Every structure is written in C-alpha cells, then in structure tokens.
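> Listed here are the chains, written in short residue letters.
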Amino acid sequence: DAGVIQSPRHEVTEMGQEVTLRCKPISGHNSLFWYRQTMMRGLELLIYFNNNVPIDDSGMPEDRFSAKMPNASFSTLKIQPSEPRDSAVYFCASRLGPGTSGAHEQFFGPGTRLTVL
Amino acid sequence: GDSVTQMEGPVTLSEEAFLTINCTYTATGYPSLFWYVQYPGEGLQLLLKATKADDKGSNKGFEATYRKETTSFHLEKGSVQVSDSAVYFCALTGGGSQGNLIFGKGTKLSVKP
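Going down the list, the sequences are from chains A and B.
Just so we're aligned: the first sequence equals residues 6 to 122 in our numbering.
Just so we're aligned: the second sequence equals residues 99 to 211 in our numbering.
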C-alpha cells in the first residue's frame, strides 16, 4: 500500500487566495483526520471523519476553514480566504474504523507545508 | 479533559548515550498510550504502544512502560544513534478522548556523532 497520500507537498500562496489541500487515505480505513502543526501550538486536530461523515470539527479555527470527504478515498481541506497565520504543516491521517482491533493506530501522510505571504 | 505532558526539548545527546523522555498524562478511565516519532520532513509514525497498566511497549531499541500509579509512560533507549534524531510525541487515546489521539507537544532529540 502506498500509505496516506497528500498533495501538494508544498504550497506558497498570497493572502486572500483560496487554498485546497488533498488527501487520499489508506484503502480500507474508515476514519480520516486533519491536523495542523506549528511551532507555537504543536499538533492540533482540526476535524475527523468516520465513514465519510464529519464527526467533530471543533478544532477548525474559523469559518474560513472547511473540509469535505465526498467518498472513502478522498478528502479536501479548504481555506478561503487564506491568511499569513494559516502558515503551517497540515497532516492527514487515517485509521481503521472505531471498534476494530487496529483502531488506535493512525497512519500519517507526509504533510503539506503551506506558506501564506 | 484528557491531556499529555512531555518534557520540553530540545534534547541533545552524544551517540551511544542513554535516552529518557518523560511523559505524564491525565485521563478519565483507562487510556491506551503511544509514542509517535516524526523524522525531518515526514509525517508521524507509530513507534510503540501499551494498552493497559504495566504493559511494556518496545520497538527499535526503544521501550516505555505504562505506569498507572504514576500516570507516566516514559520513553527510554539504552544507546541512541544519529539516526534517532527526530521529534518524539507521547499520546493517549481512550478514556475521555472518545477514541481520538491526544498528543503532547513533542520533544526534539538531536544525536551528535
């Protein structure tokens, strides 16, 4: 398996522009997570999905952020409009669904490094 | 709510030195405990885990023991290598976290030859 795939790996954009980050989870995994990592705040959970349904988006910083999971093999995280304080590394992770024996281990993608100028 | 506290880094060691990274937790119920490692430019990957009190997780020469009485899960390695240079995250799930991982802030380890 190729693992969790994220694209792009690096994104540089200007303030006010729309940014879309993409994630393909591991095939067969039913839960998907979006995290943000910064030096100041560490690793923050933004939102997670079970079976394509958003379960908890309390970590989404504000309405400029939105996430979708239209099917089991694809998710997007969109920022519109972007701001310099959104600069961070964004990780996607997936795991087997809750209640399964492997449910605790999350598999992380390589991340997208976002820079908003 | 549930939380994880790790020793602050960075930690700098010489090759073959002994490593300890402290981790303590606060949780309701009986969480499972994890150490994840992040190598430069990569995502996090699971290093080891323990799911109940007194369990010892081990992998790649690293060990950690689930100590319920002290609510701790300290990471140890007897002889570190340059290739162990990375950021290490302690995490928990279960208890009050509804099955999601609660991470500590991470400890950066640098090993010098």
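Watch out, some of these pointers could steer you wrong.
[To be verified] Here are the simulated BS3-like pairs of lysine-lysine, each with C-alpha atoms no more than 30 Å apart in a straight line:
1. B:158 to A:29
2. B:175 to B:158
3. B:203 to A:83
4. A:29 to B:175
5. B:147 to A:29
Hints were generated in silico from the structure; no laboratory data involved.
Note that this is a predicted model, so its numbers are computed, not measured.
> So which hints don't hold here, by number, going up?
Hint 4 alone not satisfied by this model.
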